[in-house]
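Chemist: Build the full structure now, drawing on both the sequences and the hints.
Numbered per mature numbering (1 follows the signal peptide of the UniProt record, and there is no 0), the sequence shown spans residues -20 to -1, 1 to 332.
It cannot be assumed that every hint is accurate.
Said to hold, decoys possible - Simulated pairs of lysine-lysine, DSS-like, Cα-Cα distance not exceeding 25 Å:
(1) K126 <-> K87
(2) K227 <-> K312
(3) K146 <-> K10
(4) K76 <-> K87
(5) K8 <-> K146
(6) K126 <-> K95
(7) K229 <-> K249
(8) K50 <-> K10
(9) K124 <-> K142
(10) K8 <-> K229
(11) K126 <-> K154
(12) K229 <-> K312
Think of the hints as simulated: they come from the structure by calculation, not from any bench. None of these values were measured; they are calculated from a predicted model.
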Amino acid sequence: MSISLSSLILLPIWINMAQIQQGGPDEKEKTTALKDLLSRIDLDELMKKDEPPLDFPDTLEGFEYAFNEKGQLRHIKTGEPFVFNYREDLHRWNQKRYEALGEIITKYVYELLEKDCNLKKISIPEGYGVIVLNPNENYIEVEKPKIHVQSSSDSSDEPAEKRERKDKVSKETKKRRDFYEKYRNPQREKEMMQLYIRENGSPEEHAVYVWDHFIAQAAAENVFFVAHSYGGLAFVELMIQREADVKNKVTAVALTDSVHNVWHQEAGKTIREWMRENCCNWVSSSEPLDTSVESMLPDCPRVSAGTDRHELTSWKSFPSIFKFFTEASEAKTSSLKPAVTRRSHRIKHEEL
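Modeler: Here you go:
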């Protein structure tokens, strides 16, 4: 563990104070004077004394980083990935640099989504309207308000001088504790608290809220869901709470490596039957795309996404998913009963 200059300065001071306190009245006066001197030191500034200014570039080029053709962040000159410890023994400065670069990358990703993915236009060549849910953002972090507790000694019979001395010692102790906490965990400069977003405090609540306020009121005749990982669990919860509405509005549901569980979520028989006919789960598997995969749960068919990487299951299965949606929409339009399921589509695909 690295030790800053401030630690090397403070350590002998506290040793000397311990030695001084063993002396007589003159030594106690020296101790008092030394404590007074320490109380005048701004520990925050002392910790930052050898730290470079927190003045960082506002562009990727300024940081000398760029994304290569594979979408990987690499240093322009060395070709190396991002290095956190840019300056040794300056963890706080490195953390601030990391956060500044993170803000630039966030803006860059938003620009890519708007320019390359056309999210502002919310349309794609097949003519779908798109709503992108954000179930992972359920709260915001704000600085925790400081609560000033009045000392109980104010109402005691202690002399004013003794109370003042105790308060001073308490403040010094808190200041030392705060300083060492900042040294031990420099990025945590403020006490934060979480404020949950009203009616969106969990992924499940978010799904129901978006359904009630946007999807249920949309004029679209065919509604399709693509739900990845925990999103599948949130969709099942939506069905449990809005079963009749979902059945009337939703044409088909594509799950990608969903973690839902109809038993643990206590989904009823009618929900399980609807899912068997209208849902399909593309799961991570080394088998070729659309190969049937066995399931222990009595809900929807499971087929291979053509990849064993969880995070790639949506992207890898998109061609099959949109074909699945197209067939389900055509079946609904022509009033075919029962509706075309993913299992029947897989057989057709294999025959071709």
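Chemist: Of all the hints given earlier, name the ones this structure violates by number, lowest first.
Modeler: As far as the earlier hints go, 1, 6, 8, 9, 10 are violated by this structure, in ascending order.
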